[in-house]
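Here is how the chains run, residue by residue.
Protein chains: 4
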Amino acid sequence: MIITMQAEATDAQVDSVRERLESRGARTYVWSGRNGGRACTRIACLEQPERAGEADVAKLPGVVSIAQWRTPYRLASRDVGPPGGRTVVRVGHGPRASVGGKALLVVAGPCSVEGREMLRETAVAIGRAGAGALRGGAYKPRTSPYAFQGLGAEGLALLAQVRRETGLPVVTEVLDPRDVERVAACADVLQVGARNMQNSPLLCEVGRVRRPVLLKRGPSATITELLLAAEYILSRGNREVILCERGIRTFETATRNTLDVAAIPVLRRETHLPVIVDPSHAAGRADLVVPLAYAAVAAGADGLIVEVHPRPEAAWSDGDQSLSLAAFEGLMRGLGPIAEAVGRTVAWGRAEAQ
Amino acid sequence: MIITMQAEATDAQVDSVRERLESRGARTYVWSGRNGGRACTRIACLEQPERAGEADVAKLPGVVSIAQWRTPYRLASRDVGPPGGRTVVRVGHGPRASVGGKALLVVAGPCSVEGREMLRETAVAIGRAGAGALRGGAYKPRTSPYAFQGLGAEGLALLAQVRRETGLPVVTEVLDPRDVERVAACADVLQVGARNMQNSPLLCEVGRVRRPVLLKRGPSATITELLLAAEYILSRGNREVILCERGIRTFETATRNTLDVAAIPVLRRETHLPVIVDPSHAAGRADLVVPLAYAAVAAGADGLIVEVHPRPEAAWSDGDQSLSLAAFEGLMRGLGPIAEAVGRTVAWGRAEAQ
Amino acid sequence: MIITMQAEATDAQVDSVRERLESRGARTYVWSGRNGGRACTRIACLEQPERAGEADVAKLPGVVSIAQWRTPYRLASRDVGPPGGRTVVRVGHGPRASVGGKALLVVAGPCSVEGREMLRETAVAIGRAGAGALRGGAYKPRTSPYAFQGLGAEGLALLAQVRRETGLPVVTEVLDPRDVERVAACADVLQVGARNMQNSPLLCEVGRVRRPVLLKRGPSATITELLLAAEYILSRGNREVILCERGIRTFETATRNTLDVAAIPVLRRETHLPVIVDPSHAAGRADLVVPLAYAAVAAGADGLIVEVHPRPEAAWSDGDQSLSLAAFEGLMRGLGPIAEAVGRTVAWGRAEAQ
Amino acid sequence: MIITMQAEATDAQVDSVRERLESRGARTYVWSGRNGGRACTRIACLEQPERAGEADVAKLPGVVSIAQWRTPYRLASRDVGPPGGRTVVRVGHGPRASVGGKALLVVAGPCSVEGREMLRETAVAIGRAGAGALRGGAYKPRTSPYAFQGLGAEGLALLAQVRRETGLPVVTEVLDPRDVERVAACADVLQVGARNMQNSPLLCEVGRVRRPVLLKRGPSATITELLLAAEYILSRGNREVILCERGIRTFETATRNTLDVAAIPVLRRETHLPVIVDPSHAAGRADLVVPLAYAAVAAGADGLIVEVHPRPEAAWSDGDQSLSLAAFEGLMRGLGPIAEAVGRTVAWGRAEAQ
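Residue numbers (this note's numbering), protein chains in the order written: chain D, 1 to 354; chain F, 1 to 354; chain V, 1 to 354; chain E, 1 to 354.
It is worth saying that the hints were derived from the structure and are not from the lab.
Since the model is a prediction, treat every value here as computed from it, not as a measurement.
Take the hints with a grain of salt, since some may be wrong.
Derived lysine to any residue pairs resembling SDA-like cross-links, with alpha carbons at most 25 Å apart [to be verified]:
no. : chain 1 : residue 1 : chain 2 : residue 2
1   : V       : K102      : E       : G334
2   : V       : K102      : E       : E340
3   : F       : K102      : F       : T345
All chains should be modelled from the sequences, with the hints used to inform the complete structure.
Have a look at this one:
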């Protein structure tokens with residue numbers, strides 16, 4: 001159930017509601033803030049109303065109303081979340097490192113970390129072009145056991161090094177619940193890939209760390225299932241989940257996947273969590289990445305995650321869908337006016353101004 | 001095969017090539033124009049090279065080179081078409097009535113023609129908001145035989161009347177090859193709906209009239225199949241085909257169909273024909289029409305076809321996905337900056353200036 | 001609404017109910033027969049209950065009860081139909097020519113009619129192997145306008161000739177509403193192909209002739225949509241509709257389509273119409289046709305339609321998925337025990353006995 | 001590469017080939033046996049031919065020929081595997097406990113282990129009806145974190161107990177690589193569920209234990225991807241993989257998934273591994289389980305895995321798709337004649353004979 005407090009409710013009143021609920025074994029989640037100038041506090045409670053003592057809570061001072069969950073996902077639902085409607089997730093510590101606010105977050109980098117030089121070269125170039133974070137895979141989920149599986153711990157170390165050198169926050173995938181702590185020690189954002197969207201032990205494990213999680217939609221997952229996967233993470237205590245649409249599997253073979261661009265506005269109506277788009281995996285072809293990226297931002301995406309490689313033709317994986325450094329710079333230049341047309345900014349503008 | 005003529009080739013030389021080919025029973029199609037300031041003429045020939053006398057043609061004066069078809073579709077391929085790369089289709093006779101050039105074409109109107117008043121009210125409002133043409137169904141392809149099947153001939157007459165009164169070109173669907181002439185007498189553009197994309201007798205019939213054809217992608221048609229359906233029309237002699245992406249059928253149920261936004265850039269690479277998008281049928285929900293329309297234009301669409309109704313809640317069909325007149329006006333206002341960001345204009349800008 | 005009459009109701013009472021309904025403009029459909037030894041008559045009425053005078057009808061002698069339609073399809077629903085539950089459709093005039101009863105109907109023959117000799121050779125062989133009808137396309141719906149479109153009227157004439165010579169009933173496709181009468185003059189069953197499942201003018205036209213219609217499911221049509229397409233035919237007065245599952249379009253590329261084998265039991269629960277399966281188009285590969293045919297019969301199909309060619313490697317169309325004459329004979333031999341295992345027979349058994 | 005030995009090759013010659021390959025760091029896998037009365041040994045080598053010393057190996061005594069891998073999957077390919085063509089996997093220690101041979105294996109039991117009584121009641125009933133193994137989930141992968149997640153270790157203990165009491169081998173799912181040893185201690189077969197088909201850490205972990213693995217196809221996995229997932233397990237050393245088709249995700253909503261019945265014959269052509277079918281998850285409805293099970297066996301499946309519950313209406317999960325004990329008995333009775341029709345037997349026949 002969802003408890004809404006009066007605008008004038010005191011912190012003590014909020015605490016009192018929480019304590020009452022928790023005394024009955026219920027877990028509670030509080031969002032406080034201002035919505036249109038007006039103070040607003042909502043308390044989410046995951047226990048059954050009866051067991052949580054709904055009737056008693058309703059009488060506590062400061063409580064305006066109690067509503068029931070309307071959707072199978074709860075903490076991900078827009079019925080809760082920050083009063084302004086959107087969760088903003090901080091990514092690393094730099095000035096452009098957040099997603100869900102007015103500025104778009106663009107994450108870029110190679111499919112796989114292949115070595116120090118190529119990673120550094122990419123990081124410098126994408127940072128200059130306006131990217132807010134660096135992506136790069138150390139643990140790679142591959143369809144075939146005979147394909148390159150990533151550099152593993154060595155790749156993590158390279159990411160950590162380049163992060164120190166460039167100041168760019170790092171996004172990298174974790175595949176194994178046993179690796180979560182190790183990856184969290186090097187990365188600013190933990191990526192859960194499309195193949196693992198319903199890997200519940202992994203979701204629970206990333207739900208327990210203090211790192212934002214970038215959760216990719218599975219190729220045959222419905223939007224509701226994506227939100228329920230997010231709910232696994234949120235309900236373990238990690239409230240910083242970034243959702244990512246990356247294309248779904250359909251009969252069309254002209255593209256690797258079919259970008260479900262409508263998922264963006266649907267998610268923005270259903271959830272307070274930020275939503276970004278991966279045009280690289282959706283397209284599977286570099287020549288389509290730019291128009292898909294533009295479409296995603298025009299439809300309301302909070303950011304992008306794009307595969308970029310200094311020499312795509314020589315990439316160890318996903319070369320066909322990787323932008324060159326120059327092509328990425330072109331994407332960022334073109335993105336500015338589109339972002340502006342829908343009331344957003346690209347971090348790039350701000351970077352230039354510095 | 002495709003014959004490319006020298007930049008300086010004379011009309012007589014072009015005619016001579018055509019005559020030679022046609023004397024052997026081959027059908028020919030010529031595109032002439034300038035590409036980057038340079039004159040360019042290409043002749044498409046649908047006969048087998050050997051039967052068309054390729055070796056002889058290669059020796060004719062003015063012929064630069066002969067290439068073979070690389071794709072299953074031919075006249076729709078970008079290997080032919082206007083030298084600038086894009087076919088521009090005129091729609092009716094008004095100043096904003098074309099699609100495929102710099103200005104976007106927005107077609108709007110009700111799912112079904114329900115009566116004179118609602119049609120006129122809609123036409124006036126959408127024209128004022130910047131639409132370039134009016135849509136409205138007189139013959140409706142419905143899933144159930146018990147659903148409203150359209151006003152038929154009466155609906156056509158109402159469309160013709162409102163066209164006279166407002167000057168707006170009219171787009172309307174034709175379902176039956178026996179109706180093609182009748183519909184062509186009242187409409188500026190003949191629509192072939194998604195259910196009929198592979199209805200070859202209908203494609204052949206609309207291929208024989210002198211009216212642009214708006215060809216919608218079938219819900220499970222690949223992009224290649226859409227282009228081959230266009231080829232049925234083109235090869236019958238009608239060179240004015242407008243393609244329309246309107247969503248494909250997938251497992252996702254949050255939307256009526258899944259807008260395949262990547263089809264837009266794929267089609268722009270594969271064909272010289274204009275490509276528009278129907279966000280209304282893709283979404284099936286009015287609240288998603290605006291973001292999908294923005295995404296389509298950002299991805300490079302040449303226009304939109306949108307369902308608009310003065311009172312969506314009372315519409316005889318597709319009310320859930322119809323925009324109100326006010327919402328359509330809002331869409332058009334928001335579209336301007338996005339179009340500009342990708343180097344396009346909306347007719348609306350020009351309309352205002354008049 | 002559906003009016004159920006008393007077991008002892010007289011014909012005059014049934015007529016009186018129909019007359020009352022029809023006097024108010026309602027169309028009625030009557031099914032009479034025995035169900036478990038007990039006489040049973042149901043009258044379907046497509047008019048709204050109020051306009052059809054439900055209250056008055058309920059008081060007429062012999063009326064037991066009146067129920068409302070529970071599904072969007074009506075005449076196709078199992079809520080009506082023959083009291084025993086299954087419509088049996090006669091196919092031609094031979095002894096094995098029916099579908100929907102205990103005996104399976106196997107239709108076999110080439111994708112396209114290519115000439116008299118190959119058609120006759122095929123007909124003789126499949127008849128000997130136990131097929132109940134001959135298939136062969138004279139009008140072919142092809143994806144590309146440059147592919148072979150069938151022999152047309154000449155193909156029809158060949159089918160008619162081979163029918164006379166062999167006595168085998170003929171199933172052939174009709175694409176154009178303008179061809180329906182011409183095709184009906186030569187064929188025992190009119191096939192509406194997958195691409196035309198929602199071609200309403202064609203459905204209406206075949207709904208007006210006195211020939212069974214074989215209606216194939218569209219590659220992206222739901223089962224409900226298939227039944228609504230059947231409803232177009234039934235509601236025009238033609239009650240002999242045979243449904244055909246032939247694979248739906250999915251992401252899997254190992255097969256041309258994905259045979260939705262579950263559609264068979266779903267349809268048998270939802271409708272009284274016979275359901276057959278086309279394993280050839282589902283598989284797209286000859287080596288899978290036999291196991292898919294077995295699966296279909298095991299799941300409850302009332303028959304099969306299979307592509308067979310004397311020389312598959314030389315077929316003008318669909319050679320990859322055509323069985324040779326020997327392979328077809330093998331299929332028929334293997335089918336017998338499976339049919340028996342699910343309480344069915346193959347016509348073949350009876351043919352042998354003659 | 002694949003090394004084929006002469007029929008008369010001695011064990012020492014086979015060993016000598018392996019040693020040569022392994023001395024260069026290559027992993028090898030040997031299959032020996034008789035094919036049509038003739039001895040046959042094939043050695044699979046996963047190293048690149050050049051690095052493994054192909055030229056030298058070709059000259060070793062007893063080597064007939066060396067072939068290269070033709071498919072992305074290798075150890076799963078029919079190019080290797082037992083000379084007779086089919087791997088037979090032993091399941092537990094009972095007389096009916098194998099899959100891949102002539103006798104079908106039927107695995108049955110509840111979705112979740114709910115308690116000792118229901119598990120024992122089910123086990124006794126399904127064993128009597130002819131099932132060869134008991135299924136039951138202790139760790140449940142659920143879409144929502146708020147759904148019942150299984151009894152965990154307690155569930156495992158109950159399975160182990162009922163196994164002891166009834167002698168039925170146990171199949172149960174493992175979700176987390178950290179649980180593999182614990183589950184392997186209680187179960188005869190480790191199930192990797194559809195959501196985890198591409199969970200590579202889990203695949204690697206089950207590849208290291210000595211327990212057969214039942215690998216379910218993911219809802220949007222191609223057949224090639226399923227075989228590559230199997231390859232992860234095989235290449236870690238575990239050669240006992242049972243594949244399971246359980247329906248793919250499509251647009252059709254009449255069923256929970258769409259059973260891809262064609263996957264059965266496709267897999268039987270592509271791989272030597274046994275293939276079973278889960279009609280319960282494919283259908284999502286108990287009333288369709290029997291016809292789908294029949295279809296699967298008719299199409300060549302080596303077995304079934306079916307959800308059965310003593311009181312489906314009270315099941316904690318998947319009640320809608322669970323058969324009652326009586327319905328399961330009916331399924332087994334009906335299965336016999338179908339199995340026989342395709343040259344198979346059901347363990348049930350043998351059980352009766354005991």
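Going down the list of hints, with the structure as the test:
Our distance criterion of 25 Å between C-alpha atoms is met by V:K102 and E:G334, whose separation comes to about 17 Å. At most 25 Å may separate the alpha-carbon atoms for a hinted pair to count; V:K102 and E:E340 meet this at roughly 21 Å. Pair hint F:K102 plus F:T345 holds up; C-alpha atoms about 6 Å apart against a cutoff of 25 Å.
The structure agrees with every numbered hint stated previously.
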